[in-house]
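Got chain E; can you put chain R on it based on the hints?
So the protein lines, in turn, are chains E and R.
The numbers in the first sequence follow my numbering, run straight up by one, and end at 232.
The numbers in the second sequence follow my numbering, run straight up by one, and end at 232.
Just so you know, the hints here were simulated from the structure itself, not pulled from any lab data.
Hints may contain errors.
For chains that are exact copies, the list does not tell them apart, and a pair is met inside one copy or across any two.
[What the hints assert, rightly or not] Pairs of lysine to aspartate or glutamate, DMTMM-like flavour, derived with a Cα cap of 20 angstroms:
hint, residue 1, residue 2
1, K95, D145
2, K95, E184
3, K14, D164
4, K78, D104
5, K31, E59
6, K21, E199
This is what each chain is made of:
Number of protein chains: 2
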Amino acid sequence: MRLLIVSTSSIHGKPYLTYLKDEVISFFAGKNLIFIPYARPGGITWDEYTAKASERFTEWGFNMRGLHTFENPIQALKEADGVFTGGGNTFVLVKTLYDLGLMDPLREAVQNGLPYMGSSAGSNLTGLTVRTTNDMPIVYPPSFDALALVPFNINPHYLDPIPDSTHMGETRETRINEFHHFNEQPVIGLREGSWLRREGESLELKGPLPARLFRKDAAPIERQPGDWSDLL
Amino acid sequence: MRLLIVSTSSIHGKPYLTYLKDEVISFFAGKNLIFIPYARPGGITWDEYTAKASERFTEWGFNMRGLHTFENPIQALKEADGVFTGGGNTFVLVKTLYDLGLMDPLREAVQNGLPYMGSSAGSNLTGLTVRTTNDMPIVYPPSFDALALVPFNINPHYLDPIPDSTHMGETRETRINEFHHFNEQPVIGLREGSWLRREGESLELKGPLPARLFRKDAAPIERQPGDWSDLL
Numbered sequence: 001m002r003l004l005i006v007s008t009s010s011i012h013g014k015p016y017l018t019y020l021k022d023e024v025i026s027f028f029a030g031k032n033l034i035f036i037p038y039a040r041p042g043g044i045t046w047d048e049y050t051a052k053a054s055e056r057f058t059e060w061g062f063n064m065r066g067l068h069t070f071e072n073p074i075q076a077l078k079e080a081d082g083v084f085t086g087g088g089n090t091f092v093l094v095k096t097l098y099d100l101g102l103m104d105p106l107r108e109a110v111q112n113g114l115p116y117m118g119s120s121a122g123s124n125l126t127g128l129t130v131r132t133t134n135d136m137p138i139v140y141p142p143s144f145d146a147l148a149l150v151p152f153n154i155n156p157h158y159l160d161p162i163p164d165s166t167h168m169g170e171t172r173e174t175r176i177n178e179f180h181h182f183n184e185q186p187v188i189g190l191r192e193g194s195w196l197r198r199e200g201e202s203l204e205l206k207g208p209l210p211a212r213l214f215r216k217d218a219a220p221i222e223r224q225p226g227d228w229s230d231l232l
Numbered sequence: 001m002r003l004l005i006v007s008t009s010s011i012h013g014k015p016y017l018t019y020l021k022d023e024v025i026s027f028f029a030g031k032n033l034i035f036i037p038y039a040r041p042g043g044i045t046w047d048e049y050t051a052k053a054s055e056r057f058t059e060w061g062f063n064m065r066g067l068h069t070f071e072n073p074i075q076a077l078k079e080a081d082g083v084f085t086g087g088g089n090t091f092v093l094v095k096t097l098y099d100l101g102l103m104d105p106l107r108e109a110v111q112n113g114l115p116y117m118g119s120s121a122g123s124n125l126t127g128l129t130v131r132t133t134n135d136m137p138i139v140y141p142p143s144f145d146a147l148a149l150v151p152f153n154i155n156p157h158y159l160d161p162i163p164d165s166t167h168m169g170e171t172r173e174t175r176i177n178e179f180h181h182f183n184e185q186p187v188i189g190l191r192e193g194s195w196l197r198r199e200g201e202s203l204e205l206k207g208p209l210p211a212r213l214f215r216k217d218a219a220p221i222e223r224q225p226g227d228w229s230d231l232l
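Chain E extracted, bound-state conformation (with noise of 0.2 angstroms):
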């Protein structure tokens, strides 16, 4: 199995997916690509999203076409080379890929060897559950159950607490750990500018930042970029 998954699209001050420019050149080598744009971040429609991914990805020398626009997606995810699914809202994300009936093709699809490549949303896809998405739960899926590519759950744009706050909504921590009172699975927080690179059995931490591990029933614990296979 072969994933990239990433905290974010894009970091502060620089444009939609430039700073991972080297990894994805490198991840989807020569690969036609199918982008899945139903998380419409601000509710932008499923062409004008794939317009924005394709004009990246075309400009680093690949093919992309919508999922959206193939008559038979199935068989498109069947046939396809590399697929990568965009961020936006978690909620919609999964419900439409359950509306559709998409969600155990594309997992089949991974399963048997389709490179796949998710930003926040898209990342929420590939753990057990989305269960520790950020987003508001604007509509409402038929499941909380994901792609289950990894062994644990994703937190994306995982974020420390802010010193001297004195809004009193819960940490992002406090979220997690109120998580594990309801559920076992480990949860990476994966901050803004680290994404993680599975290639069969060996999964790496990768960009400038240590990620955040959360186990149940232990204290969390800083984790530095590198070999992470034990996770998996």
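Only chain R this time, still in chain E's reference frame:
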């Protein structure tokens, strides 16, 4: 119908609920109260949470008992004088109420005159749905439909964009705008320190701050404390 819809149980630097003392005493004067502890902040037990709330309400001269301690909670709601639903995780709260068959009996009791106070997750519950909660979806409830005691949704702990933030996660306003791509009802962004009081057909915004009103296909507006009865 009588409602107290509170953004947060605590404001920065003040002990639990204390900033609301006068309002709560005026709202519940002379009542024996039931506490609904199901939102379990930080995963604490129903007993622990009830003890925390009861301590404050007892100090103010009320009797308070956890809903979970009644052999017949549906009967208890029918006979209650007043009810307070504490904050915590909205998904846990809603799932528990559905699982225990208490959502409809609670709605009916409040519609029949039972004074209802909610803070944070307990405020989300008064809206049409919980689709504008800020909470992490750590459990999967059978529905996102809420008590529908008001014809709008609440976004508690409403947070203005943080100036100069480099974080790429969506602002609260962006999230609520995305909500309006898929939902029709107005959303009231209730800042910490604000609350709404409904008395029959009168609705008042109280506390020192304006609240932010979001309507589909319209720019959000700031409205001052005072009469908001036009929202009913």
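For the identical chains here, do K14 and D164 meet the 20 angstroms Cα criterion within one copy, between copies, both, or neither?
-> between (28 angstroms within a copy, 15 angstroms between copies)
- Task: Pop the pair K78 and D104 into one bin, within, between, both or neither, using alpha-carbon distances up to 20 angstroms.
- Result: Within one copy only: 12 angstroms inside, 46 angstroms across.
_Status of E199 relative to K21 across identical chains (alpha carbons, at most 20 angstroms)_ = within (18 angstroms within a copy, 58 angstroms between copies)
Next item on the list: State whether the alpha carbon distance between K95 and E184 is at most 20 angstroms within one copy, between copies, both, or neither.
Entry: between (24 angstroms within a copy, 18 angstroms between copies)
Should K31 paired with E59 be assigned to within, between, both, or neither, using CA atoms and 20 angstroms as the limit?
Answer is within; shortest intra-copy Cα gap is 14 angstroms, inter-copy 68 angstroms.
Checklist line | Up to 20 angstroms CA-CA - D145 versus K95, copy category | finding: Result: close both inside a copy and across copies, 11 angstroms intra and 16 angstroms inter.
The structure fails none of the hints (numbered hints given earlier).
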